[in-house]
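Participant: Please take these sequences and the hints and turn them into a complete structure.
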Amino acid sequence: MNTEAPPHQTPTVPPGAVAPVVACEGVSVSYGSHCALNNVSLAFPAGAVGLLGPNGAGKSSLIKAVLGLVTPAAGRMTVLGRDVAADPMGVRARIGYMPEHDAHIPGMTAVRFVAYCGELAGLPRTSAMQRAHEVLFYVGLGEARYRSVDTYSTGMKQRIKLAQALVHDPDLLLLDEPTNGLDPRGRDDMLGLIADLAHRKGVNLVLSSHLLPDVEATCRHVVVMHQGAVAAAGPMATLLDQQGHLYELRIKGDGAAFAAALRAAGVECHDTEETTWRVTVPRSVAGADDASADGPDAGVQWLCAVAVREGVQVRHVRASMHSLEDVFARVVGGER
Amino acid sequence: MPIHDQGYQRYGGLRVGPGRAWQVITRAGIESFVARRAFLGLLLLSWTPFLAGAVQVYLSSSFEQAAFLAPNNKTYWDFLERQGSFAFLITVWVGAGLIADDRRANALSLYLSKPLTVTDYVVGKLAILLLLLAAVIWAPAMALLIVQSAFAGSLEFVRTHVSLVPAITVYSLLAMGLSSLTMLALSSLSSSSRFVGTMYAGVIFFSQAITRVLASATGMPVWNHLSPLGALDRVGQSIFGLDGAGQPGLWPAMALLLALVVSSAAVLRWRVRGIEVVA
Numbered sequence: 001m002n003t004e005a006p007p008h009q010t011p012t013v014p015p016g017a018v019a020p021v022v023a024c025e026g027v028s029v030s031y032g033s034h035c036a037l038n039n040v041s042l043a044f045p046a047g048a049v050g051l052l053g054p055n056g057a058g059k060s061s062l063i064k065a066v067l068g069l070v071t072p073a074a075g076r077m078t079v080l081g082r083d084v085a086a087d088p089m090g091v092r093a094r095i096g097y098m099p100e101h102d103a104h105i106p107g108m109t110a111v112r113f114v115a116y117c118g119e120l121a122g123l124p125r126t127s128a129m130q131r132a133h134e135v136l137f138y139v140g141l142g143e144a145r146y147r148s149v150d151t152y153s154t155g156m157k158q159r160i161k162l163a164q165a166l167v168h169d170p171d172l173l174l175l176d177e178p179t180n181g182l183d184p185r186g187r188d189d190m191l192g193l194i195a196d197l198a199h200r201k202g203v204n205l206v207l208s209s210h211l212l213p214d215v216e217a218t219c220r221h222v223v224v225m226h227q228g229a230v231a232a233a234g235p236m237a238t239l240l241d242q243q244g245h246l247y248e249l250r251i252k253g254d255g256a257a258f259a260a261a262l263r264a265a266g267v268e269c270h271d272t273e274e275t276t277w278r279v280t281v282p283r284s285v286a287g288a289d290d291a292s293a294d295g296p297d298a299g300v301q302w303l304c305a306v307a308v309r310e311g312v313q314v315r316h317v318r319a320s321m322h323s324l325e326d327v328f329a330r331v332v333g334g335e336r
Numbered sequence: 337m338p339i340h341d342q343g344y345q346r347y348g349g350l351r352v353g354p355g356r357a358w359q360v361i362t363r364a365g366i367e368s369f370v371a372r373r374a375f376l377g378l379l380l381l382s383w384t385p386f387l388a389g390a391v392q393v394y395l396s397s398s399f400e401q402a403a404f405l406a407p408n409n410k411t412y413w414d415f416l417e418r419q420g421s422f423a424f425l426i427t428v429w430v431g432a433g434l435i436a437d438d439r440r441a442n443a444l445s446l447y448l449s450k451p452l453t454v455t456d457y458v459v460g461k462l463a464i465l466l467l468l469l470a471a472v473i474w475a476p477a478m479a480l481l482i483v484q485s486a487f488a489g490s491l492e493f494v495r496t497h498v499s500l501v502p503a504i505t506v507y508s509l510l511a512m513g514l515s516s517l518t519m520l521a522l523s524s525l526s527s528s529s530r531f532v533g534t535m536y537a538g539v540i541f542f543s544q545a546i547t548r549v550l551a552s553a554t555g556m557p558v559w560n561h562l563s564p565l566g567a568l569d570r571v572g573q574s575i576f577g578l579d580g581a582g583q584p585g586l587w588p589a590m591a592l593l594l595a596l597v598v599s600s601a602a603v604l605r606w607r608v609r610g611i612e613v614v615a
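As you go down the protein sequences, you meet chains U and G in turn. Everything in the first sequence is counted per the working numbering, starting at 1 for the first residue and increasing by one. Everything in the second sequence is counted per the working numbering, starting at 337 for the first residue and increasing by one.
Check before you lean on any hint, since a few could be wrong.
Stated by the list, open to error - Partial pick of chain G residues on the chain U-facing surface, computed with a CB cut under 10 Å: (1) G348; (2) R356; (3) A357; (4) A364; (5) R440; (6) A595.
As the list claims (entries may be wrong) - Label-pair restraints from in silico Cβ distances: (7) U:G26 <-> G:A602: 30 to 38 Å; (8) U:T154 <-> G:A602: 15 to 23 Å; (9) G:G377 <-> U:D87: 43 to 51 Å; (10) G:G348 <-> U:P235: 29 to 37 Å; (11) G:S421 <-> U:D196: 51 to 59 Å.
Unchecked claim - Stretches of chain U that chain G covers, calculated by requiring three or more beta carbons in the stretch to come under 8 Å of a beta carbon on chain G: (12) 35 to 44; (13) 74 to 81; (14) 105 to 119; (15) 122 to 130.
FYI, nobody ran anything at the bench for these hints, they're computed from the structure. Keep in mind the model is a prediction, meaning the values are calculated, not measured. Each residue gets a CB set at the ideal place from its N, CA and C atoms; glycine is no exception.
Facilitator: Shown next as structure tokens:
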């Protein structure tokens, strides 16, 4: 029997350097005349990475390219230090994939199904069965593990998809819309499991989702894709910080003229109600990039100055927090 | 700290390298069918011709008055032909859902995200049907041959019919391989195993009916060999040396079987993949 040691050790990297879990260099994927990925270069660091983008942005194509299910027309991909084109089997042995849609092997009980997936991934039969019991308890299906998967509810099917992705203890988990079809409690449970895996169990994972709160709750690094290219990427804190200071304003007076004045100064603003505006003041505009200035206060003063100049009353102003939704809206133009 | 931590644990044991996933698929598939009583019943039923053959062999070897029952090449050919009906039932029962059920449950994306190739998957599925068909075609025929030698108390029959063992094996492999490959290709075309089973039965019976009508209408017996079953019969007769000199249709029959194998392989290559490409 061909056996090998468990491949848990990360590949050798230069001292001080942190090897990316997934690295793409100029990757292009096309289906016929449709270009799904266009010269994509990115690196997923270790930990939890959120993969965001509207439908058709190329998220699923990227995941399938990582799995070696589609062959890029150009470019190179490495996963955990292994070249996907040269060693697709070695890469898949270290990846756990949870597909977006319902997927199971019909006619099997849950424990048999998960053990079978473990065996397919290279575990010996006894170990696969032992791991199947363990991961089914972990995902909360311990009491239902002898039931046929065909009889499972949508929420249980989501959990068992996670179990089959985990059974062989992958070094990288690819989760495609893991909270699809879950009720609020099921969603919280699933996000709890994902956060536990990423932050306490040391499993690297890529969470592809169109639900921004899911990514905000579990990931520290984000890649936003749009039209087959990377629109934004980086640590979430950095992306949010790049936006400048966000304020909610309620005004009385000529809102249109006020908005025009803000936009002329390079400030993003949009009205949420007739008299209420969300305004993002870049640090450079308000002078808040000066270390000696108090950022949010400087922004308020600048906004009030503009309001006075335009003859508009500021009835209420409140500093607010940027969300991932703001980043997403900025880079993909509000398309979801 | 809990007595037994049921949280997620890392795995530190051995892993088996890629290349044996097809065996996992085959073993799981066979186990799932053998666990069904009805299927086991069918398997047992398929061995009743063997029992009848064994009685025939016993009588012919034990009583001179029954010497006319002594088996020969034709006996074994007839035996294999009778097994064909059981092989058909097994093919439809087992084969129809082999890929169709996976397509229905979106299991292909699960399989192909594991360290196995499309070839591993197809070979694993194919081997399920091949092995179960071997249990109703090849195994009873060989068992009958062993029983005959045992009753005779010598290997004289095997020595005088030296081509019989390879003939049984080659024909069985041909019949099993053709049925398995064709059924697997049909199974990959749909997500409904009932539809696949019906389609397979339709192709087998309808093509035979059509070619028989054409043969009688045109007066050209070669048409009889241009359906899958007819072609298999024609090639089988040749393997067992039962075709008379000058009997036509061997090459067209072989060409048809080859075309079936190639087209089935092409269908499998086209249909079995981890993604649905919508251009």
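Participant: Output the indices of the hints that this structure fails to meet, ascending.
Facilitator: 6, 8, 12, 13
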